[in-house]
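**Q** Chain by chain, the residues:
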Amino acid sequence: MAKEKVKERANWPVTILLIIGLITIIFPLYMAVVIAFKDPTEMTNDIAGILSLPSHWSLDNFIEAIQVTDFFNSFLNSLIITVVAVVASILIHSLAAYAIGRNMDHKKIFKASYYFIIAGMYVPFAILMMPLVKQTAVMHLDNMVGVMILYIVFYMPMNMMLYTGYLRNIPIALEEAARMDGASTWSTYWKVIFPLMKPMHATVAVITGLAVWNDVMTPLVIMGGQGVNTLPLAQMNFQTAFSTNYNLAFASYLLAMLPMIVFYIVAQKQIIGGVTNGAVK
Amino acid sequence: MASTATKVGSGRNKTFMAILIPVLVIFCAFNTFPLITGFLYSFTDSKGYGAFNIVGLQNYMDMFTDTRILNSYLFTFKVAVVATLLTNVISLMLAIGLSSKIRFKSALRGVYFVPRILGGLVVGYVFSYFFTYIVPAITGTESILASSDWAWVAIVVVLVWQACAQTTIIYITGLSSVPEDVYEAGALDGATGWDKFRYITFPLIMPSVTTNMVLVMKDMLMVFDQIVAMTSGGPAQSTESISYLIYNNGLSGGQFGYQCANAVIFFILIAVVSILQTKFLNSKEEQL
Numbered sequence: 001m002a003k004e005k006v007k008e009r010a011n012w013p014v015t016i017l018l019i020i021g022l023i024t025i026i027f028p029l030y031m032a033v034v035i036a037f038k039d040p041t042e043m044t045n046d047i048a049g050i051l052s053l054p055s056h057w058s059l060d061n062f063i064e065a066i067q068v069t070d071f072f073n074s075f076l077n078s079l080i081i082t083v084v085a086v087v088a089s090i091l092i093h094s095l096a097a098y099a100i101g102r103n104m105d106h107k108k109i110f111k112a113s114y115y116f117i118i119a120g121m122y123v124p125f126a127i128l129m130m131p132l133v134k135q136t137a138v139m140h141l142d143n144m145v146g147v148m149i150l151y152i153v154f155y156m157p158m159n160m161m162l163y164t165g166y167l168r169n170i171p172i173a174l175e176e177a178a179r180m181d182g183a184s185t186w187s188t189y190w191k192v193i194f195p196l197m198k199p200m201h202a203t204v205a206v207i208t209g210l211a212v213w214n215d216v217m218t219p220l221v222i223m224g225g226q227g228v229n230t231l232p233l234a235q236m237n238f239q240t241a242f243s244t245n246y247n248l249a250f251a252s253y254l255l256a257m258l259p260m261i262v263f264y265i266v267a268q269k270q271i272i273g274g275v276t277n278g279a280v281k
Numbered sequence: 282m283a284s285t286a287t288k289v290g291s292g293r294n295k296t297f298m299a300i301l302i303p304v305l306v307i308f309c310a311f312n313t314f315p316l317i318t319g320f321l322y323s324f325t326d327s328k329g330y331g332a333f334n335i336v337g338l339q340n341y342m343d344m345f346t347d348t349r350i351l352n353s354y355l356f357t358f359k360v361a362v363v364a365t366l367l368t369n370v371i372s373l374m375l376a377i378g379l380s381s382k383i384r385f386k387s388a389l390r391g392v393y394f395v396p397r398i399l400g401g402l403v404v405g406y407v408f409s410y411f412f413t414y415i416v417p418a419i420t421g422t423e424s425i426l427a428s429s430d431w432a433w434v435a436i437v438v439v440l441v442w443q444a445c446a447q448t449t450i451i452y453i454t455g456l457s458s459v460p461e462d463v464y465e466a467g468a469l470d471g472a473t474g475w476d477k478f479r480y481i482t483f484p485l486i487m488p489s490v491t492t493n494m495v496l497v498m499k500d501m502l503m504v505f506d507q508i509v510a511m512t513s514g515g516p517a518q519s520t521e522s523i524s525y526l527i528y529n530n531g532l533s534g535g536q537f538g539y540q541c542a543n544a545v546i547f548f549i550l551i552a553v554v555s556i557l558q559t560k561f562l563n564s565k566e567e568q569l
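Those sequence lines, one after another, are chains A and B.
Sequence positions in the first sequence follow the numbering used here and run 1 to 281.
Sequence positions in the second sequence follow the numbering used here and run 282 to 569.
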């Protein structure tokens, strides 16, 4: 308590207001948890019946939801798509940004390429979606591979901007030193520049990863109705098929949210930092 | 090794071109090319399959008398404007609170950020239940999701609930960049409370305001997941967002060419709104 007095007085009224405000965040999640653990017979029509704690915490709904939504398969698909999209984005977008960023000040073709790609940020998926459905079908890319390629293209404008912005702070003298030692541009990039961009890799990984993991529209239109699901797609199919059993439904929603919540608990600092960096830059 | 200097120079250029070209090819193949095909399809009566005719500007003219399309624009802009303003006001208040000398600061910030990491679809399903069963049980009225006059409010609530997380964090970053001595100087001039916020804090965090307004507005205009989860565009097509209508009628409603025209207009609107917003808000930014 002695330490407390040295610090500036805490603003308790604001602290308490903010804690009360947390209800808006926690209530929907609380609701999901209690309903997911309850037996359907416990659900009465009054609000107490819905929101009271379950009389015994049962995992039955979760076990059933895992089977009905084929959870592990959907989870694995989501994981593969997200990991591939994130890793490819980091490798390809940073490399492309290096080629463009180091040349755009004195070469027109690189400068034009930069603005050409950046302009892609204003293109909503809605306009690409219809032609892409046809195009991916013709190219036999109406599958997970196609979805991954599309993510690499869709997040290129944003990531390109982040990486080129970051590159401006990396002095060119570092590369020249490596070049004097006889290293090629290619190996200079991977040995010197790529490791230096680590903070930006984290930002790109977080933004791209969150967007891809939670995306519904791309897998829905590109590989919907083929029996291969991502986690959000599995929720959608489940909803159309078994929407009446809310206990089962909420168990399924919680399962879908769980991986991200666990990841957030582990890497909270990196996630918040990544989202902030990506938006402010 | 004297001659290697020029060799290295040209090798460097070759490497850069060898990187640039494949990247441009893949970008054009999956972004520029579909954009152009979508634009071309907008002049046809294609159903999405089979033969089609070129109909010139007919699709664009039809759009202006199509009440379903006009309503979707009205709905989308209404939701986007209301949700963007609400998100920014609430987030700014939260950010000021979370930046003051409070206890449990990092824990509070951590929990307020949680909605950002969750998927819009699943959050939509959870809120759908909330508006269908919990709210009516408390108020004793019918669910607003069943009302074509009020269902949009439920959509706004979900959107704001999720969007506040990131917006708040960006405002916190903005607030932390305001130097303490600016406040001290202001305090000497007698600036307190609202005046301090209005004349000192707000002008100085204008860059964050710009960022947030543009980012949130763009996201809101493209709203899709929450519509799918909560209303499927209903009741009576009252909550059809532009993206949802393009998806629904363009891909399974036999209006491929027509919805391509809709998408072209939508694309232009998004670009214009984002650019105008940046210009307008940038002109209001103050330099330290």
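It is worth saying that the hints were derived from the structure and are not from the lab.
Quick caveat: nothing in here was measured; it's all calculated off a predicted structure.
Don't take every hint at face value.
Said to hold, decoys possible - Here are the simulated DSBU-like cross-link-like pairs (lysine-lysine), alpha carbons at most 30 Å apart as the crow flies:
id, chain 1, residue 1, chain 2, residue 2
1, B, K328, B, K477
2, A, K111, B, K295
3, A, K198, B, K499
4, B, K295, A, K134
5, B, K359, A, K107
6, A, K198, A, K134
7, A, K269, B, K499
8, A, K191, A, K107
9, A, K111, B, K359
10, A, K191, B, K359
As the list claims (entries may be wrong) - Some chain B residues flagged as far from chain A (calculated, every beta-carbon gap over 12 Å):
id, residue
11, R390
12, D430
13, A446
14, I453
15, R479
16, N493
17, L550
Cβ coordinates follow ideal geometry from the N, Cα and C atoms, glycine included.
**Q** Decide, hint by hint, whether the structure agrees.
**A** Status of the hints after comparison with the structure:
no. : hint              : in the structure
1   : K328(B) - K477(B) : violated (59 Å)
2   : K111(A) - K295(B) : holds (17 Å)
3   : K198(A) - K499(B) : holds (29 Å)
4   : K295(B) - K134(A) : violated (35 Å)
5   : K359(B) - K107(A) : violated (44 Å)
6   : K198(A) - K134(A) : violated (38 Å)
7   : K269(A) - K499(B) : holds (26 Å)
8   : K191(A) - K107(A) : holds (25 Å)
9   : K111(A) - K359(B) : violated (38 Å)
10  : K191(A) - K359(B) : violated (51 Å)
11  : R390              : violated (8 Å)
12  : D430              : holds (24 Å)
13  : A446              : violated (9 Å)
14  : I453              : violated (8 Å)
15  : R479              : holds (19 Å)
16  : N493              : violated (8 Å)
17  : L550              : violated (9 Å)
When held up to the earlier numbered hints, the structure conflicts with 1, 4, 5, 6, 9, 10, 11, 13, 14, 16, 17 and fits the remainder.
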